[in-house]
Amino acid sequence: ENGVEDDREALCLVDFGLAKPYPGSEPMDAGKGSAEWSSIRSADGGVRRPEDDLEALAWVLLYGLFGSLPWVPVLSAAYAEWSVDEHREAVLRQVKRMKVQLLDYVGTGCIAQQSGWDLGGLDWQRFAETPRDLYQFFRVCQTEVKPPQRPDYAALAALLGYDGSLTPMGAEQQDRRGWGEDVAPLV
Numbered sequence: 001e002n003g004v005e006d007d008r009e010a011l012c013l014v015d016f017g018l019a020k021p022y023p024g025s026e027p028m029d030a031g032k033g034s035a036e037w038s039s040i041r042s043a044d045g046g047v048r049r050p051e052d053d054l055e056a057l058a059w060v061l062l063y064g065l066f067g068s069l070p071w072v073p074v075l076s077a078a079y080a081e082w083s084v085d086e087h088r089e090a091v092l093r094q095v096k097r098m099k100v101q102l103l104d105y106v107g108t109g110c111i112a113q114q115s116g117w118d119l120g121g122l123d124w125q126r127f128a129e130t131p132r133d134l135y136q137f138f139r140v141c142q143t144e145v146k147p148p149q150r151p152d153y154a155a156l157a158a159l160l161g162y163d164g165s166l167t168p169m170g171a172e173q174q175d176r177r178g179w180g181e182d183v184a185p186l187v
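Residue 73 in this note's numbering is what sits at position 73 of the sequence shown, and the numbering runs on without skipping anything.
Hint data in this document are derived by calculation from the structure and do not stem from the laboratory.
All values derive from a computational prediction rather than experimental measurement.
Treat each hint with caution, since some may be false.
What the hints assert, rightly or not - Keeping only pairs whose Cα atoms sit at most 30 Å apart, straight-line, the calculated DSS-like set for lysine-lysine is:
(1) K20 with K32
(2) K146 with K20
(3) K20 with K96
(4) K96 with K32
(5) K146 with K96
(6) K32 with K146
What the hints assert, rightly or not - Cβ-Cβ distance ranges computed for the label pairs, FRET-style:
(7) P131 with A77: 34 to 40 Å
(8) W82 with P21: 25 to 31 Å
(9) P131 with W82: 28 to 34 Å
Every residue gets a Cβ at the ideal spot worked out from N, C-alpha and C, and that includes glycine.
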């Protein structure tokens, strides 16, 4: 739920449905969770890591910037047969390829046509406008950190615009102002 009637300016992004302790959790099937937002690494199954959650946040931010992601129509069509293992696994591999290709395109500005690039009819060129800091955020999330180390949260926050000079309350107030000025008029 994104807010309630009394607080329309509040954006809530919380989903603990697949929360597991880390380190120490068991591997998770690649089909668990929302493939729209899941990390590239999670498409292979295995133990989910904090970096996977951060990459999922980056996919949500990219969706917010462009209003769609190339694999959303692919997944929408595939969910009718999601219970068929072979079908689900093939679609997850396709979505993983699309995510890798999109980030390669954003990083290099060109696309290898021979790689089977298909954005489901979307204009892929618009993703060239992905902010460089968001692209770097993706790349930092894909760096494997060995437990007990954690991702460099300060560096990730800086890539999203946090300069370290604000208190948590000051940062929250700045975010609310930005939301009210830039986002709320659009919804």
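Evaluated hints:
With a CA separation close to 13 Å, the supplied pair K20 and K32 stays within the 30 Å bound. Between K146 and K20 the CA atoms are separated by roughly 17 Å; this keeps the pair inside 30 Å, and the hint holds. Distance check on the hinted pair: K20 and K96 sit about 23 Å apart at the alpha-carbon level, within 30 Å; holds. A threshold of 30 Å between alpha carbons decides the hint, and for K96 with K32 the separation of about 14 Å falls inside it, so the pair holds.
Straight-line distance between C-alpha atoms of K146 and K96 comes to about 23 Å, which keeps the hinted pair within the 30 Å bound. At most 30 Å may separate the alpha-carbon atoms for a hinted pair to count; K32 and K146 meet this at roughly 23 Å. Taking 34 to 40 Å as the suggested C-beta distance range, the pair P131 and A77 does not conform, at roughly 30 Å. The supplied range of 25 to 31 Å is met by W82 and P21, whose beta-carbon atoms lie about 27 Å from each other.
With their beta carbons about 33 Å apart, P131 and W82 fall inside the hinted range of 28 to 34 Å.
Going through the hint list in order, the structure does not satisfy hint 7, though it satisfies all others.
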